[in-house]
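K.L.:
Residues per chain, in single letters:
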Amino acid sequence: MRLLDKETSRRSFLKSSTLAGGALVVGFFVPAGARRAFAQEGGTPSTAPASALPPVNAFLRIGDDESVTVILSHCEMGQGIWTTLPMLVNEELDADWSRIKVEHALAAPVYRSTAFPIQMTGGSTTTWSELDRYRQVGALARTQLVAAAAAQWGVKPGDCRTEKGFVLHGDKRASYGSLAAAAAKLPQPTSVTLKDPAQWKVIGQPTRRLDTPEKITGRAQFGMDVRLPDLLTAVVAHPPTFGGKVKSVDAAAAKAMPGVHGVFEIPTGVAVVADHFWAAKRGRDALKIDWAPGPHADVDTVALRKSYSERGKADGQAAKTAGDVAKALSAGSPLVAEYSVPYLPHAAMEPLNCTVRRSAGAAEVWTGTQFQTVDQARVAEILGLKPEQVTLHTTFLGGGFGRRANLVSDFVADAVYVAKNLDRPVKLVWTREDDIRGGYYRPLAVHRLEGALDDQGRPTAWRQRIVSQSILAGSPFAAMVKDGIDPTVVEGASDSPYVAAIPHHRVDLVAMEVGVPVLWWRSVGNSHTAFAVESFVDELAHAAKRDPLEFRRALLAQAPRVRAVLELAAAKAGWGSAPPAGRARGLAVHESFGSIVAQVAEVSVEGGTIRVHRVTCAIDCGVYVNPLGVRAQLESAVAFGLGAALHSELTIKQGQVVESNFHDYRVLRLHEMPQVEVHIVPSKEKSGGVGEPGTPPIAPAVANAVFALTGKRLRELPFRLS
Amino acid sequence: MKLLVNGREHEVSVTDDMPLLWVLRDVLGMTGTKFGCGMAQCGACTVLVDGQPIRSCVRPAAAVAGRAITTIEGLSAAGDHPVQRAWAEVDVVQCGYCQSGQIMAAAALLKAKPKPTDADIDAALSGNICRCGTYQRIRSAVHRAAELMEG
Chain A
3 MRLLDKETSR RSFLKSSTLA GGALVVGFFV PAGARRAFAQ EGGTPSTAPA
53 SALPPVNAFL RIGDDESVTV ILSHCEMGQG IWTTLPMLVN EELDADWSRI
103 KVEHALAAPV YRSTAFPIQM TGGSTTTWSE LDRYRQVGAL ARTQLVAAAA
153 AQWGVKPGDC RTEKGFVLHG DKRASYGSLA AAAAKLPQPT SVTLKDPAQW
203 KVIGQPTRRL DTPEKITGRA QFGMDVRLPD LLTAVVAHPP TFGGKVKSVD
253 AAAAKAMPGV HGVFEIPTGV AVVADHFWAA KRGRDALKID WAPGPHADVD
303 TVALRKSYSE RGKADGQAAK TAGDVAKALS AGSPLVAEYS VPYLPHAAME
353 PLNCTVRRSA GAAEVWTGTQ FQTVDQARVA EILGLKPEQV TLHTTFLGGG
403 FGRRANLVSD FVADAVYVAK NLDRPVKLVW TREDDIRGGY YRPLAVHRLE
453 GALDDQGRPT AWRQRIVSQS ILAGSPFAAM VKDGIDPTVV EGASDSPYVA
503 AIPHHRVDLV AMEVGVPVLW WRSVGNSHTA FAVESFVDEL AHAAKRDPLE
553 FRRALLAQAP RVRAVLELAA AKAGWGSAPP AGRARGLAVH ESFGSIVAQV
603 AEVSVEGGTI RVHRVTCAID CGVYVNPLGV RAQLESAVAF GLGAALHSEL
653 TIKQGQVVES NFHDYRVLRL HEMPQVEVHI VPSKEKSGGV GEPGTPPIAP
703 AVANAVFALT GKRLRELPFR LS
Chain B
162 MKLLVNGREH EVSVTDDMPL LWVLRDVLGM TGTKFGCGMA QCGACTVLVD
212 GQPIRSCVRP AAAVAGRAIT TIEGLSAAGD HPVQRAWAEV DVVQCGYCQS
262 GQIMAAAALL KAKPKPTDAD IDAALSGNIC RCGTYQRIRS AVHRAAELME
312 G
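Chains as they are written, first to last, in my numbering: chain A, 3 to 724; chain B, 162 to 312.
Honestly, I wouldn't trust all of these hints.
[Said to hold, decoys possible] Chain B regions said to be covered by chain A (calculated; three or more residues, Cβ under 8 Å):
1) 179-192
2) 201-213
3) 260-270
[To be verified] Label pairs and their calculated CB-CB ranges:
4) A/160 - B/279: 53 to 61 Å
5) B/165 - A/196: 50 to 58 Å
6) A/119 - B/212: 49 to 57 Å
7) A/563 - B/168: 25 to 33 Å
8) A/210 - B/308: 41 to 49 Å
9) B/213 - A/198: 34 to 42 Å
10) A/207 - B/279: 41 to 49 Å
[Said to hold, decoys possible] A few chain B residues that don't get close to chain A, going by computed Cβ distances all over 10 Å:
11) 169
12) 171
13) 172
14) 195
15) 282
Calculated from the structure, these hints are not laboratory results. These numbers come from a predicted model, not from an experiment. Cβ atoms here follow ideal geometry from the backbone N, Cα and C, with glycine treated the same way.
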């Protein structure tokens with residue numbers, strides 16, 4: 003009930019401006035009652051002049067209990083913005099950090115990303131894209147609080163200072179909470195000056211997470227935890243093949259199950275609605291459904307892999323080209339290698355779910371989503387409402403990794419279809435099996451690489467053909483496909499500094515249409531391009547009989563920032579010194595999402611099993627906000643990528659996904675976690691992303707280390723030694 | 162049946178096959194214990210029964226009726242069990258979804274082995290998956306919790 007109670011009390015407060023939770027909560031700059039309407043419509047509040055500055059009221063609330071609530075336009079899915087964005091606000095606001103509270107914003111135009119035209123979280127964009135906006139929010143609010151205090155005291159604002167939640171002047175001091183009501187009546191300034199970075203006291207300081215207390219006590223509310231009066235739970239039987247349809251259903255046994263309320267067909271399958279999950283699940287188990295398999299019933303990943311390999315032998319569409327690569331390759335005996343990666347479900351710990359409550363002319367949705375605007379529009383479309391009639395609450399996400407930024411809002415739509423048949427609120431829950439088999443995978447990909455060296459061992463030609471599916475084609479984001487090239491497939495190869503340094507080069511995309519739904523998976527195209535590029539560079543280095551570090555350094559002469567990160571990781575890992583007995587090191591460096599990460603993996607092979615002991619990471623992410631968060635994300639990215647490199651693979655036979663749960667879709671476990679060290683390059687460069695860039699280098703770093711140890715080149719993910 | 166959860170007795174009427182996890186979450190409204198896999202593969206649903214960690218997603222509630230069940234909500238009154246304090250100090254959590262299970266498993270380990278080695282931690286916690294990969298910090302927080310319990 004907690005979630006409902008909080009919502010109800012907030013709404014009743016907004017209507018009546020009475021006490022909420024024992025404290026008068028003052029929305030900044032517009033009357034509190036207008037805040038919700040404003041947030042919904044995203045217009046400019048009448049009390050604030052139009053300007054490029056953010057409307058502070060939408061992003062910050064200060065209560066007379068001295069609480070300072072930062073409202074997140076993005077979602078917290080583990081990456082730490084619950085802490086980072088408040089740090090940005092407080093760099094300028096000077097509030098008492100121990101009073102900071104955080105909540106997710108409702109879906110509304112005012113919360114659109116500054117990097118994309120929608121409200122969303124992804125592409126490792128949150129921190130850099132909010133670096134200005136959330137600081138401006140803090141600075142604007144501080145300006146208003148100071149102005150209110152100065153007016154009360156009859157002094158000049160410029161003579162006041164602020165410290166830890168107080169405005170100070172001589173021996174006078176007033177708390178932010180006591181000033182909030184007066185400050186809220188003042189017009190929002192049309193300009194604001196942000197601190198010089200040299201004066202920063204918050205940004206750059208290691209700061210522990212603000213969401214820890216609720217996440218170590220079980221109090222944190224994930225989508226799965228939403229509880230409402232009269233709430234029903236639904237599970238849906240989805241077709242076993244992609245594009246399959248229900249032919250007929252015998253629901254008699256399911257309907258007879260205790261606790262089952264109803265069974266009905268929806269566009270995505272057959273829904274069973276019950277008092278609680280267990281009854282719904284038992285009901286689904288009892289369904290007898292005859293499925294029409296649809297157009298993709300013969301999909302087979304072994305066959306796909308072979309056909310991709312064949313297609314890689316001819317040109318596709320050029321994403322990047324220079325010189326005459328065909329001629330340069332035919333001049334000598336080129337090195338040829340093929341790399342492949344499988345489909346991968348994201349398998350976030352929290353299975354997908356969504357709760358929907360309909361009412362006349364409106365709907366309310368609770369879900370852990372990365373894609374608020376898209377989901378809100380999809381709900382509206384299904385229910386015949388306008389987007390602003392759909393109130394979308396973002397809960398904590400039990401992991402996202404891209405799966406909860408679904409181009410067609412698949413799991414949200416599933417829930418809305420169910421809700422459309424009911425007069426009571428309903429929570430749709432996907433089981434782990436639904437989650438693994440529900441599609442939207444990192445695409446299977448085959449890379450064919452060909453390279454040539456001159457007689458001094460310098461690379462002269464590089465040809466790479468990437469055979470895979472487009473994520474964007476045919477989606478609402480198809481406009482991002484330029485000249486037939488989906489950038490999410492070739493990123494990390496077409497823009498590789500290695501490729502650019504080789505005089506004759508060509509990177510091609512061979513786009514396949516398969517019918518298996520695909521999506522961005524932590525680091526997107528880089529999750530496979532870095533494996534192919536960094537492995538093949540390593541192969542060229544060995545072919546040239548050069549040290550892998552030296553070979554790369556020479557190729558990176560025109561990319562000094564990348565080279566410096568590689569050198570830092572190598573130095574910290576002790577590259578060039580003998581590794582402990584029975585171990586070898588491999589390295590990789592990759593730029594993605596505006597940041598560069600290099601990793602040196604130290605591995606052994608024990609009883610036919612690859613064991614990664616230590617991973618030394620260096621990152622240049624430009625200006626960073628929370629170094630503790632940067633470290634955590636690199637540790638996380640290594641674990642995520644290493645699990646995929648060692649274990650994870652989704653296979654399809656006769657159109658049906660073979661794997662179903664964590665026993666056969668394996669991910670990294672604690673005993674396999676290497677010791678991860680992180681070295682952050684002090685930098686004044688533009689901020690880059692941190693959530694994803696640590697994932698791409700780990701697979702090639704490990705593969706290169708295994709080659710150094712055993713002489714065996716691992717060209718397929720997941721790795722198999724025999 | 163009567164369930165004794167965190168020292169409080171609850172009378173519930175559910176089918177004999179209903180796992181403890183869903184009784185806790187959907188009947189008693191205690192959502193701190195998480196659903197991750199439904200087949201004892203991920204550990205997100207870990208609770209203690211008479212001090213021993215069990216996977217509540219596969220254990221029928223009927224099988225533990227009358228026994229002392231401890232969930233994350235009951236590990237400590239103020240969220241300050243040494244394991245929780247260590248978790249906060251080491252800044253372990255990310256998305257947080259698996260952490261109830263991790264913490265319960267760690268608390269059980271420390272009760273059985275107040276000074277666990279890395280191998281003990283591997284054995285006790287490799288059944289608890291964390292997709293955010295907080296494993297390195299979990300390991301370090303378990304060692305820290307052992308210190309806190311001793312001190």
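K.L.:
Determine for every hint whether it applies to the structure shown.
P.N.:
Hint check results:
Restraint check on the region 179-192 of chain B versus chain A: 9 residues with Cβ-Cβ distances below 8 Å, three needed, restraint holds. Evaluation of the coverage hint for the region 201-213 of chain B: fulfilled, as 3 residues show C-beta separations to chain A shorter than 8 Å, against a requirement of three. For the region 260-270 of chain B, the stated coverage by chain A is satisfied: 3 residues place a CB nearer than 8 Å to a CB of that chain, which reaches the threshold of 3. Taking the beta carbon of each, residue 160 of chain A and residue 279 of chain B are about 58 Å apart, inside 53 to 61 Å as hinted.
For residue 165 of chain B paired with residue 196 of chain A, a C-beta distance near 57 Å keeps the hint of 50 to 58 Å intact. With their beta carbons about 54 Å apart, residue 119 of chain A and residue 212 of chain B fall inside the hinted range of 49 to 57 Å. The hinted range of 25 to 33 Å is not satisfied by residue 563 of chain A and residue 168 of chain B, whose Cβ atoms lie roughly 58 Å apart. The hinted window of 41 to 49 Å between residue 210 of chain A and residue 308 of chain B is violated, with their beta carbons roughly 18 Å apart.
With their beta carbons about 58 Å apart, residue 213 of chain B and residue 198 of chain A fall outside the hinted range of 34 to 42 Å. Between residue 207 of chain A and residue 279 of chain B, the C-beta spacing of about 31 Å breaks the proposed range 41 to 49 Å. For residue 169 of chain B, the non-interface assignment is confirmed: its Cβ lies about 15 Å from the closest Cβ of chain A, beyond the 10 Å cut-off. The beta carbon of residue 171 of chain B is kept farther than 10 Å from every beta carbon of chain A, the shortest such distance being approximately 15 Å.
Every CB of chain A lies more than 10 Å from the CB of residue 172 of chain B, the least distance being 17 Å, so the non-interface label holds. Residue 195 of chain B, annotated as away from the interface, has a beta carbon of chain A within 10 Å; the closest lies near 7 Å. With a least beta-carbon separation of about 7 Å from chain A, residue 282 of chain B fails to lie farther than 10 Å from that chain, contradicting its non-interface assignment.
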